[in-house]
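Could you build the full structure based on these sequences and the hints that come with them?
Listed below, chain by chain, are the residues.
Number of protein chains: 2
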Amino acid sequence: MDPRWLDVAVEQARAGLASGGIPIGAALIGPDGAVLGRGYNRRVQDDDPSAHGETAAFRDAGRQRDYRDTTMVTTLSPCWYCSGLVRQFGIGAVIVGEARTFHGGHDWLVEHGVRVTVLDDERCIELMSTFIAERPELWNEDIGVTG
Amino acid sequence: MDPRWLDVAVEQARAGLASGGIPIGAALIGPDGAVLGRGYNRRVQDDDPSAHGETAAFRDAGRQRDYRDTTMVTTLSPCWYCSGLVRQFGIGAVIVGEARTFHGGHDWLVEHGVRVTVLDDERCIELMSTFIAERPELWNEDIGVTG
Chain D
1 MDPRWLDVAV
11 EQARAGLASG
21 GIPIGAALIG
31 PDGAVLGRGY
41 NRRVQDDDPS
51 AHGETAAFRD
61 AGRQRDYRDT
71 TMVTTLSPCW
81 YCSGLVRQFG
91 IGAVIVGEAR
101 TFHGGHDWLV
111 EHGVRVTVLD
121 DERCIELMST
131 FIAERPELWN
141 EDIGVTG
Chain V
148 MDPRWLDVAV
158 EQARAGLASG
168 GIPIGAALIG
178 PDGAVLGRGY
188 NRRVQDDDPS
198 AHGETAAFRD
208 AGRQRDYRDT
218 TMVTTLSPCW
228 YCSGLVRQFG
238 IGAVIVGEAR
248 TFHGGHDWLV
258 EHGVRVTVLD
268 DERCIELMST
278 FIAERPELWN
288 EDIGVTG
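Going down the list, the sequences are from chains D and V. Residues 1 to 147 in my numbering are what the first sequence spells out, letter by letter. Residues 148 to 294 in my numbering are what the second sequence spells out, letter by letter.
Keep in mind the hints are simulated off the structure, nothing from the lab. One should not assume that every hint holds.
Unchecked claim - Coverage of chain V stretches by chain D, computed from C-beta distances (three or more under 8 Å per stretch; other residues unrestricted): (1) 220-232; (2) 285-292.
Said to hold, decoys possible - Not the full set, but computed from the structure, chain D residues with beta-carbon under 7 Å of chain V: (3) D48; (4) R63; (5) D66; (6) T146.
Note that the coordinates shown come from a computational prediction; the quantities given were computed from them, not determined experimentally. Virtual Cβ for every residue (Gly too), placed ideally from N, Cα, C.
See the structure below:
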């Protein structure tokens, strides 16, 4: 993998934070390494609970006929919603910036043949751990955790 | 369940078909039986591969703090992407119009405690079987099946 791929996702996460939202970003990378789509969580900005980082990047990439040789790069372990997206569309690989602050469905993706790389990126950990400490209610809302 | 709930989803699926798209519709029903959100697959209409019937209805409902007592009603068995949505947000129940033309993740949802009711609604079967026969390439694109 090209380390610049995660940089794109981190840049998205920071843009999400700067615009008042939840700092999770993602990018969908094509077979040739080009960025097909990028995005960040837009729950707050758009009042849209369906716009997670990964789904926003997937949407931004537009209609693609074949995802087998694409890679989803995300700053955080994908939740079940985003893991389901990866499985359904046959996205071949996932790069996870960190899985310390949240453990989603990436093990399940491995079981189903997705090539998953879990990093332990300090920028990603810092973004989420600070955010979760400051806005626990917003984070819980984003992952469907009820009080 | 109130049979009118499925009527709302079928109406959405028909609206999707009438506007040139894939005939899958859904509605998110609140604890009191009110429709919180409704939507249909908008891949074609919006060039948006992330807008499945269920995700469109979820989005339309806006930010909700608790999904435990909500019901997702969909004309077709939910794919992994939409099943992941249901699991992540803790949507308590799913009503499936039909699972003959496509078998998604609803069994997995049962395993994870979601109350799932699978109907065998003739309107839903007719909509999808006709569509799949007429536009197989578009249907395959929508569920990530490569040729």
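How the hints compare with the structure:
Counting residues of the region 220-232 of chain V whose C-beta lies closer than 8 Å to any C-beta of chain D gives 7; at least three are required, and the coverage claim holds. Counting residues of the region 285-292 of chain V whose CB falls under 8 Å from any CB of chain D gives 3; the rule of at least 3 is met. Below 7 Å, beta-carbon pairs count as interface contacts, and D48 (chain D) has one with chain V at about 6 Å; its hint therefore holds. Interface restraint check: R63 (chain D) against chain V, minimum CB-CB distance 5 Å, threshold 7 Å, status holds.
Hint status for D66 (chain D) relative to chain V: holds, with the closest Cβ pair at about 5 Å, below 7 Å. Given the 7 Å rule on beta carbons, the hint for T146 (chain D) holds: about 5 Å separates it from the nearest Cβ of chain V.
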